[in-house]
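Asker: Guided by the hints, dock chain B with the ligands onto chain A, whose structure is given.
Sequences listed follow chains A and B, in order. Note that the numbering used here gives residue 168 to position 168 of the first sequence, counting from 1, and the numbers run on in steps of one. Note that the numbering used here gives residue 249 to position 249 of the second sequence, counting from 1, and the numbers run on in steps of one.
I should point out that these hints are in silico values taken from the structure, not numbers from a laboratory. C-beta: ideal position from N, C-alpha, C; glycine also. Don't take every hint at face value.
Unchecked claim - Derived DEER-like restraints, expressed as beta-carbon distance ranges:
#1 A/T316 <-> B/A28: 47 to 57 Å
#2 A/P171 <-> B/E253: 40 to 50 Å
#3 B/K152 <-> A/D178: 13 to 23 Å
Chain by chain, the residues:
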Amino acid sequence: MATIGIWIETEGGKVKEANFGVITAARGGGGENTLLALLLDGSAEAAQEALAPYGVHKIVPLTAEGADLDQSPDARARALAAAVEKLSLNALLGLATTPGRDLFARLAAYLKLPLASDCISVDVARQTVCKSHFSGKTVATIRMKASVMLCALRPNAVEAQPAAVRPEIVPLTVTVQDPGRVRVLEVRKAGGGKIDLAEAGIIITGGRPIGSAENYKILEACAQALGGAVGASRAAVDAGFAPHSMQVGQTGKTVSPRLYIACGLSGSVQHFAGMKTSKVIVAINTDKDAPIFEKCDYGIIGDLFEVVPMLTEALTQK
Amino acid sequence: MKIYVCVKHVPDTAANIKTAGANGFDDAVCKFIANPYDEYAVEQAVRLMESQGGEVVVVSVGKEAAMATLRSAMAMGATRGILVTVESQFLDSEITSQALKAAIEKDGKPDLIFTGKVAVDTEGFQTAYRLAEAMSLPVVNEILKMELRDGKAVVEREIGGGSREVLEAGLPCVLGATKGLNEPRYPKFPDIMKAKKKEVKQMTLADLGLSAAAARIELVKLEKAPDRSGAKIIPGPSREAAQALVHILRNVEKVI
Ligand SMILES: Cc1cc2nc3c(=O)[nH]c(=O)nc-3n(C[C@H](O)[C@H](O)[C@H](O)COP(=O)(O)OP(=O)(O)OC[C@H]3O[C@@H](n4cnc5c(N)ncnc54)[C@H](O)[C@@H]3O)c2cc1C
Ligand SMILES: Nc1ncnc2c1ncn2[C@@H]1O[C@H](COP(=O)(O)O)[C@@H](O)[C@H]1O
Numbered sequence: 001m002a003t004i005g006i007w008i009e010t011e012g013g014k015v016k017e018a019n020f021g022v023i024t025a026a027r028g029g030g031g032e033n034t035l036l037a038l039l040l041d042g043s044a045e046a047a048q049e050a051l052a053p054y055g056v057h058k059i060v061p062l063t064a065e066g067a068d069l070d071q072s073p074d075a076r077a078r079a080l081a082a083a084v085e086k087l088s089l090n091a092l093l094g095l096a097t098t099p100g101r102d103l104f105a106r107l108a109a110y111l112k113l114p115l116a117s118d119c120i121s122v123d124v125a126r127q128t129v130c131k132s133h134f135s136g137k138t139v140a141t142i143r144m145k146a147s148v149m150l151c152a153l154r155p156n157a158v159e160a161q162p163a164a165v166r167p168e169i170v171p172l173t174v175t176v177q178d179p180g181r182v183r184v185l186e187v188r189k190a191g192g193g194k195i196d197l198a199e200a201g202i203i204i205t206g207g208r209p210i211g212s213a214e215n216y217k218i219l220e221a222c223a224q225a226l227g228g229a230v231g232a233s234r235a236a237v238d239a240g241f242a243p244h245s246m247q248v249g250q251t252g253k254t255v256s257p258r259l260y261i262a263c264g265l266s267g268s269v270q271h272f273a274g275m276k277t278s279k280v281i282v283a284i285n286t287d288k289d290a291p292i293f294e295k296c297d298y299g300i301i302g303d304l305f306e307v308v309p310m311l312t313e314a315l316t317q318k
Numbered sequence: 001m002k003i004y005v006c007v008k009h010v011p012d013t014a015a016n017i018k019t020a021g022a023n024g025f026d027d028a029v030c031k032f033i034a035n036p037y038d039e040y041a042v043e044q045a046v047r048l049m050e051s052q053g054g055e056v057v058v059v060s061v062g063k064e065a066a067m068a069t070l071r072s073a074m075a076m077g078a079t080r081g082i083l084v085t086v087e088s089q090f091l092d093s094e095i096t097s098q099a100l101k102a103a104i105e106k107d108g109k110p111d112l113i114f115t116g117k118v119a120v121d122t123e124g125f126q127t128a129y130r131l132a133e134a135m136s137l138p139v140v141n142e143i144l145k146m147e148l149r150d151g152k153a154v155v156e157r158e159i160g161g162g163s164r165e166v167l168e169a170g171l172p173c174v175l176g177a178t179k180g181l182n183e184p185r186y187p188k189f190p191d192i193m194k195a196k197k198k199e200v201k202q203m204t205l206a207d208l209g210l211s212a213a214a215a216r217i218e219l220v221k222l223e224k225a226p227d228r229s230g231a232k233i234i235p236g237p238s239r240e241a242a243q244a245l246v247h248i249l250r251n252v253e254k255v256i
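Chain A extracted, bound-state conformation (with noise of 0.2 Å):
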């Protein structure tokens, strides 16, 4: 029996999908734990009508007296740090985006507790994670010994499962008298409601091979009738084919899609340093000795300028 906070993440006011696997996270098999849902932004309504199958039971949205929680990061992570202790959490988790990462590391901080971040399993009764070590070339089970766990998962890491429970709100006012050390002063929205690639459901990435930024269009046809999001190796970002913010390794992002379709990918080390979690791999590449074979589930052995686009048919026709 534990009382366990999810920071469920908004984007525009509404509840990312990639939040529901952490709530059957904190679940955690049983049914014993009670499970509130802390809302710095967005509404308790939408989030009350998106949380329902997944069984959390209180939507609470935090009102911070004393900081505009929207220009500093370090008054979100005050207002976060006096909910934990308001209402006597045994454990905080939430999602290990970009964002995710930033407030769980200045809660964890500012609380002076241990955090696990980026990890693709959690067990609150035990306090134990796992998480990747080395470039996901290992696993580590880490023990926390803390009054409150901190834990931020990987994005889809866990599937969500469903667990009807109605949710109440009940609405939480915290005093955060220092707005803290940092300030925000624009932010700069990229265009047209993309799918984050750290959070899609589905990737379908283009290395090297692709030659051009025009012939990614070819991934991004497929991707739309995958409902995906496109990705590029460094290789292909290197050569100017692609912006950074599509490169999915070592040293871009860090996926875990249910599907990754690899086309015309080496299999380097670094890239599957950030893709290695994703449930299902498939890679399309001309040669049959392409390393990447020997790490994958399914693979086709063509061009991808062939086989991509047949593939985008095949999907569409039912």
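Answerer: Showing chain B with the ligands alone in chain A's frame:
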């Protein structure tokens, strides 16, 4: 300016990791490098020193072997180094950040502190924040751009979905560097030779009044990540193979 840069000595990302015992790895057989993100931090610091004067001090907490990483950072232009030696293979972020703080404060008054975004060995994502909190300084991680303006750092970071955020932090502050901030230089032979003669202060964790035993994170187990057994090759001409793949993804794997 007096700039401190935290650099970690980590196994090469391409190195094979051989686990040893329940929770260790064989560090005698694998090649080590400076944490790749820390190279962006060193480069940024050296560029600032070149344009504004002052010095760049690189600080590492690690085994004696971490001296090699300090030397490589000094070959990139850092003025001198500090090495806090520890015996253990892993040291948790709380104690690491206390050690970094103590070593820096003992040495001087920083105008700026750089770290990398993440250490690629333990993938902690938190040392910069803990160091900043311990020293009551502002912190921004994963910065892609920075400039100094009226005693403040104005930095830019990505916040997901390609969106970016511009933030302001007063100096001194802690900034975590990521790929995109700059292109780290490749040291030339004379720089490498010069770096061998640069000063490195050395101390132990105990000299700073700290102990690894205080850790509240316990590494219980370190195992090789499960490998996939290899691809099931879907045969046939492209059209048939694509159709067969869609069938498998829909009906066998149920992922689309
Ligand atoms: C410190 C460090 C960090 C790094 N970080 C990253 C990272 O974050 N992400 C990353 O991706 N890499 C990273 N790398 C680079 C990595 O080592 C590889 O160089 C890179 O991933 C290779 O990209 P690629 O697979 O697209 O290209 P290649 O290695 O050139 O492979 C291309 C593959 O495509 C096949 N091919 C050719 N033509 C076709 C066609 N028409 N159709 C289908 N297949 C075709 C070829 O057989 C080959 O297997 C890093 C390297 C270092 C040293
Ligand atoms: N042992 C260490 N010695 C020096 N710097 C470190 C050490 N551990 C972490 N850091 C710094 O903190 C950053 C983030 O590390 P981490 O939070 O552990 O992922 C690294 O990129 C380094 O700049």
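Asker: Please check whether B/K152 and A/D178 have a Cβ separation lying inside 13 to 23 Å.
Answerer: Hint holds: Cβ distance 18 Å, inside 13 to 23 Å.
Asker: Range first: 40 to 50 Å. Now tell me if the beta carbons of A/P171 and B/E253 are that far apart.
Answerer: 42 Å, holds
Asker: Is the gap between the beta carbons of A/T316 and B/A28 within 47 to 57 Å?
Answerer: With a Cβ separation near 55 Å, A/T316 and B/A28 satisfy 47 to 57 Å, so the hint holds.
When held up to the earlier numbered hints, the structure conflicts with none and fits them all.
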